[in-house]
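There are 2 protein chains.
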Amino acid sequence: MGGDLAPHATVAGALHAIQELDAAHTIQLVGRTAVIQETLDSLLQGELAAALPHRGRLQIVEAPDVIEMNDKPTSALRKKPNSSMVVGLRMQTEDQSDAFVSAGSTGAQMAASTVLLRLHEGLTRPAISTLFPTARQPIVVLDSGANVDCSADELVQFARLGVVYAEDLLGRKDPVVGLLSIGEEEEKGNAVTKEAYKLLQSAGINFQGNVEGRDLPMGGSDRGPVDVVVCDGFVGNVLLKFYEAVAPMIAGMLAASGVDHDQLQMAFRNLDYSAHGGAPLLGVRGISIICHGKSSPRAIKDAIRVAAQAVETRMDENIGRRLAAAPAGTA
Amino acid sequence: MGGDLAPHATVAGALHAIQELDAAHTIQLVGRTAVIQETLDSLLQGELAAALPHRGRLQIVEAPDVIEMNDKPTSALRKKPNSSMVVGLRMQTEDQSDAFVSAGSTGAQMAASTVLLRLHEGLTRPAISTLFPTARQPIVVLDSGANVDCSADELVQFARLGVVYAEDLLGRKDPVVGLLSIGEEEEKGNAVTKEAYKLLQSAGINFQGNVEGRDLPMGGSDRGPVDVVVCDGFVGNVLLKFYEAVAPMIAGMLAASGVDHDQLQMAFRNLDYSAHGGAPLLGVRGISIICHGKSSPRAIKDAIRVAAQAVETRMDENIGRRLAAAPAGTA
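Protein sequence lines correspond, in order, to chains R and C. Numbered according to this note's numbering, the first sequence terminates at residue 356, and the numbering increases by one at each position without gaps. Numbered according to this note's numbering, the second sequence terminates at residue 356, and the numbering increases by one at each position without gaps.
Any given hint could be a false lead.
The list treats identical chains as one, so a pair stands whether inside a single copy or across any two.
[To be verified] The calculated DSS-like cross-link candidates involving lysine-lysine, where the alpha carbons are at most 30 Å apart (straight line), are:
id: 1; residue 1: LYS97; residue 2: LYS219
id: 2; residue 1: LYS97; residue 2: LYS266
id: 3; residue 1: LYS198; residue 2: LYS97
id: 4; residue 1: LYS198; residue 2: LYS319
id: 5; residue 1: LYS213; residue 2: LYS266
id: 6; residue 1: LYS219; residue 2: LYS266
id: 7; residue 1: LYS198; residue 2: LYS104
id: 8; residue 1: LYS266; residue 2: LYS198
id: 9; residue 1: LYS266; residue 2: LYS319
id: 10; residue 1: LYS198; residue 2: LYS213
id: 11; residue 1: LYS97; residue 2: LYS213
id: 12; residue 1: LYS213; residue 2: LYS319
id: 13; residue 1: LYS97; residue 2: LYS319
id: 14; residue 1: LYS198; residue 2: LYS223
id: 15; residue 1: LYS219; residue 2: LYS104
id: 16; residue 1: LYS319; residue 2: LYS104
id: 17; residue 1: LYS223; residue 2: LYS97
id: 18; residue 1: LYS219; residue 2: LYS198
Hint data in this document are derived by calculation from the structure and do not stem from the laboratory.
Let the sequences and hints guide you as you build the complete structure.
Structure below.
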C-alpha cells in the first residue's frame, strides 16, 4: 500500500519480479485485500498477462490499516498495528517471510523494522545504505538519512555494515572503505570524522582514508576506487537528494541547448535512480528494503531482486558475524 | 604567486581584468618581482598585447616568500611574513589597497585574512561563500569550508553575511534565505540545524525555512526560489566538491554515448566553475577573495571583477551595519 504510485506500481513490480525470480521464491502482497486483488486482476488481464503462469507464487496478506505520509513514524506503529508495514515485518519475525520491501513512509519503516526485527548486538541505530552511480562502478553510501547526529563509533559500525553490503549484494572482494571528509589528510574533517579516522585504521577493514565530495562521482580518489563511503545521515541525505536532482537539472540544460532527446535518455539511463531499486536498512536482524516513495514498477522489481539476493547470500547472518568479530575496543 | 597555474594564470587574469575595469581601478601584482615582470612582458608582447595601453595601471609589489600548499596555514603566516599573501593583505590594512584576490592556499588565506584584516564584531570565524549554478539563478552557499563544526549562532551569522553578498554582488532585493537540512519541516535536521531554525525565524531576515539537497540544483524549493543557503562548512565543502565533479562525470557519460562535443561544451558552460570567479571570505573587515587553486585566467579576471564590485557596493561596510543591527539575542 506504500508509496505515491501504490498499489499499481508495487503490484506491477511484484508481477515483473515473480517472472524473473527463481521458482523457489514466492511474493506476499500485504495490504487491503480487495484493492490488491482488483489491481492484480486488472494487470494480469492486461499489460502483465505474461505473469499469469506465476500467479500461484503470489499470495495476498490482509492488512487493513494504511500508514499515511503525515502519520508520525513511532505513533503510526502503535496506532496502526494492522498496517501493511507492521503486518509485513511481523511475518518475518514469525518465519513466514524472509524479507520485506516497502515504498511507504521511510520513517515508519525504520521505526517498525527496528522495533519488530530488532538490531544486531552492539548497534545503536540502523543505517540506510544507498547506491551512488559513479564514473566507475556504483558506491555504497551510508548512512543516507537514518541517523542525523552520529558518533565516531557509529561511523565505524556503518563501515562494517557497508562492507557486508558490498560483498553480498555487489560481489566486491575485500571492499575498500572511504570516510567522507573535506580533505585527504587525517587531520582534515570535523571532530567526529577525525575521531572516526583513527578508529577505522584499527577496525580490521580495508580503510583507504578520507575521501572528498569530488571522489563520489568519480567512484574513488587518486588512491584508487572505493566500494563503500561512510558519512553521517545528515550529509548522506543532503548528498543523495542533491545527486537525484542534479541529473534532471543538467538534462534540462542539455535539452534546452538542443541535445537530442533520445541521446539524453540513453546517456542518463545509468543515473536513473528508479533503476537502482531499494536501499537496504542495514543493522536490523532481517531484511528490510526501503524504496523511494515515487518508485516505478521497475524500481520495485529491482528492490525485490535485491531482497532475494540478500536472503540468498545470507547477508543478515554475515552482518551478525562481522559485527561479532570486530576487534575489541573498535566499536 | 598562488595557485597551480601561477604566475601565468594570475598575471593573465589581471591583464584581462584591467581592460574591463573602470579606469579608476589599478591592480597590484604581489610576488617575486623578477618572475612577475618576465611573465608580464611575455604576455604583453604576445597573446595579451591588447592590454598594453593599460600597463600604467598595473603595479608590481615585491614579496619574496612563497607559501607552498604543504605549509601549515598558521605557521606559514609567521614563518613567511614576506609572502605575497601577507604582503598583499597588509597593504589593505595600510590603506594602500581595497581588496585582495588569491589562488593560493585557502587555509593560509583564511588565517592571514582573519589575523591581518580582523573580524567584524560579534563574529567568531569568517565564512567562505560560493555561488552554486542552478536551474534558476545562482545561489550563494555558505559556509563552503572555513568552519567544520558550527554552532547554531554561527549559522545565523552566515545567513546575515550571505544576505549582504546576495544584495551587493548579485543585486538581489531582500534575499531569501534557506537552511540546508534533510526535510522541509522545522523538526527535521540535526541538533544544530534545529536550533538554527528557531533562531533564524526571529533574526530579521527573509527566512524561507529548511531547504533540502534537491533544492540546490533547482535553485529553490516548491515554496519559491532562494538566494542564500546556509550550512556548516563540512557539508558545504563536501557539496561544493561533489558538484564540481558531477558535471565532468556526466559530460563524460554523454560524450561516451555519442553526444556532440561542441553541444556539450555549450551546454556545460553554465556549470563551469572556473567561470564563477572567486569566493569572498565573508566576515573579515575588508575584501579577501579566495580563488580555486586551478583558476584559469578567466576565473582570475572574474574574481577581480567581484573584488571591484565588492569595493564599489561597500559590501564590507554593509556587512558591519547589518551585523550591528541584528536583533538582540539572535547572534
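Here is how each hint holds up against the structure:
no.	hint	verdict
1	LYS97 <-> LYS219	between (34 Å within a copy, 18 Å between copies)
2	LYS97 <-> LYS266	within (22 Å within a copy, 35 Å between copies)
3	LYS198 <-> LYS97	neither (40 Å within a copy, 38 Å between copies)
4	LYS198 <-> LYS319	neither (33 Å within a copy, 36 Å between copies)
5	LYS213 <-> LYS266	both (25 Å within a copy, 15 Å between copies)
6	LYS219 <-> LYS266	both (25 Å within a copy, 19 Å between copies)
7	LYS198 <-> LYS104	neither (44 Å within a copy, 47 Å between copies)
8	LYS266 <-> LYS198	both (29 Å within a copy, 28 Å between copies)
9	LYS266 <-> LYS319	both (13 Å within a copy, 28 Å between copies)
10	LYS198 <-> LYS213	within (28 Å within a copy, 37 Å between copies)
11	LYS97 <-> LYS213	between (38 Å within a copy, 12 Å between copies)
12	LYS213 <-> LYS319	between (37 Å within a copy, 20 Å between copies)
13	LYS97 <-> LYS319	within (20 Å within a copy, 48 Å between copies)
14	LYS198 <-> LYS223	within (23 Å within a copy, 47 Å between copies)
15	LYS219 <-> LYS104	between (42 Å within a copy, 27 Å between copies)
16	LYS319 <-> LYS104	within (25 Å within a copy, 57 Å between copies)
17	LYS223 <-> LYS97	between (37 Å within a copy, 21 Å between copies)
18	LYS219 <-> LYS198	within (27 Å within a copy, 40 Å between copies)
The earlier numbered hints that this structure contradicts are 3, 4, 7.
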